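2 protein chains.
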Amino acid sequence: MNFNLTILGSNSALPKINRFSTAQILNISERFFLIDCGEGTQIQLRRYQIKFSKINHIFISHLHGDHIYGLPGLISTFNLLGRKSDLHIYSHSDLEPILSFLLTNIERNLQFKIVYHQTNTKEKTIIYEDKKVIVEAFPLKHKIPTTGFIFREKQQLQTLIKEKIEFYQIPISKRKEIKDGANFTTSEGKTIKNSELTLKTKEPRSYAFCSDTQFSEKTAKYVENINVLYHEATFLENLKIRAKETMHSTAKDAATVAKMAQVKLLLIGHFSSRYNNLDAHLTEAKKVFENTVTATDGFTLSI
Amino acid sequence: MNFNLTILGSNSALPKINRFSTAQILNISERFFLIDCGEGTQIQLRRYQIKFSKINHIFISHLHGDHIYGLPGLISTFNLLGRKSDLHIYSHSDLEPILSFLLTNIERNLQFKIVYHQTNTKEKTIIYEDKKVIVEAFPLKHKIPTTGFIFREKQQLQTLIKEKIEFYQIPISKRKEIKDGANFTTSEGKTIKNSELTLKTKEPRSYAFCSDTQFSEKTAKYVENINVLYHEATFLENLKIRAKETMHSTAKDAATVAKMAQVKLLLIGHFSSRYNNLDAHLTEAKKVFENTVTATDGFTLSI
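Protein chains in written order, with my numbering: chain A, 1 to 303; chain B, 1001 to 1303.
Just so you know, the hints here were simulated from the structure itself, not pulled from any lab data. Nothing here was measured: the structure is a model prediction, and the numbers come from that model. Virtual Cβ for every residue (Gly too), placed ideally from N, Cα, C.
Here are the simulated DMTMM-like cross-link-like pairs (lysine to aspartate or glutamate), alpha carbons at most 25 Å apart as the crow flies:
1) A/Lys141 to B/Glu1107
2) B/Lys1143 to A/Glu107
3) A/Lys16 to B/Glu1107
4) A/Lys143 to B/Glu1107
5) A/Lys16 to B/Glu1030
6) B/Lys1202 to B/Glu1163
7) B/Lys1084 to A/Glu245
Label-pair ranges, simulated between beta-carbon atoms:
8) A/Glu129 to B/Phe1299: 46 to 54 Å
9) B/Ile1134 to A/Arg242: 39 to 47 Å
10) A/Ile126 to B/Arg1047: 37 to 45 Å
This is chain A alone, in the form it adopts within the complex (with noise of 0.2 Å):
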């Protein structure tokens, strides 16, 4: 099962030729999620070769104009591209009346609908659930109402050895609670273990989003042992008067988050663009947790 995310837009508010503005893609299962969508998205997806068609899902953290921008143009060529299907916004309920004011009056013949879903911003909720994926929204803190989210991969059921239940002749009516954990007894009443019945099932995957946000504990909290976290790095420690200020976090911040969670992987981005070399970005964040990765455009991960 896929579970990759690629980066489609890296910088902060101004962007870069080299690194547009906050925009990634996560691709669980081949549901296309696409999350934030800061101008020049729609350039990115052709560039890194993804399937508008395959994207049904748009998650956006909050309403500042570099992560929300790239929007009426991905939605006009969605158009234009002949889409029918519905597109699935998840944000603050602020989003609806200032997209549809602008389709209103710019795209008057859009072929497919758009429903919105507004996003919690005070507590963590679930936002979308599917069979294989869950995915939660949970409060950031910045200048205006954010949230991060996290994608999980829901827990599978164990697989059967099929030689097993052959041997055995377990019945139809067994089979889904020893899937589920349970041991099995035989006619004669000997007890098999689930463990010899079964292949192992891989551990639920997951993906924490936390973009932009001053640091937090309560961040860490909400995203204590997830896989991989993206957390925002706008800025280096030695401006941490001006991330303060601003609402954002120094590199030194999202490994201090990443450390508090146990995360395994911790991918840093959202940099300034008085930033051309990301180098010391990553030395600062290493120094405090050593599993850290640049997430520049282009950046690909499976996780």
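Using the hints, position chain B against chain A.
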């Protein structure tokens, strides 16, 4: 005096990686006029190293997304870069309420004023004038009210030849009219021809922008004798029907307008994203009007 054009975006509605949506910069004597502002214009401005602070006037041909979706991000960036001076936008009157609504909700602390100037989409009118430059808007033929723009250098006064002024002892009171083209009569009653007293000034240069439009003889009238004409060429002749349906032009249409208007040079652009290679557009146009150039992203021209 500079009269330089830079193409920032040359594609039609669906941008490609190497061909963004419509936007151009025309630098006339350090006035940086931005013409249309498709998504990603601010990224292209960075790519082609044009200073944001130099842009004070934006001309919008019509309110289709691929000509305006770069405005919110550009305005946001102006603000973040500390802009204080007024920004003048020339467009259909509907732009103001749409953009204002968006900016009021998203960009809450704009530190500069946006001055909206309404274009007349029914007849040719002067929309901008200063000491050196005059800009006219004129109607094009598209699905919604659309204008083209003509940028004209003003005729400069002739320069007096210093040695002749001294030789004929021409008084200061007479010099202005000689600059304007008058002859001079000496105290002995001898007439000195103006051409002996002055250096010829260059012919004023001009640039016309026509996007988006279907073929129209009226366009040719509006842009008669222009130096450089940019005319959209979304399609090739074999998609003439599609061109008519969408109210766009073919390469041949663009060349026909150029020929009728007797311009010096034709630039074609606004290409449909179905074309990767644009050789056929150039060949088709050149059959009708030899002096044609393909205006793709990054193309620059000193007029």
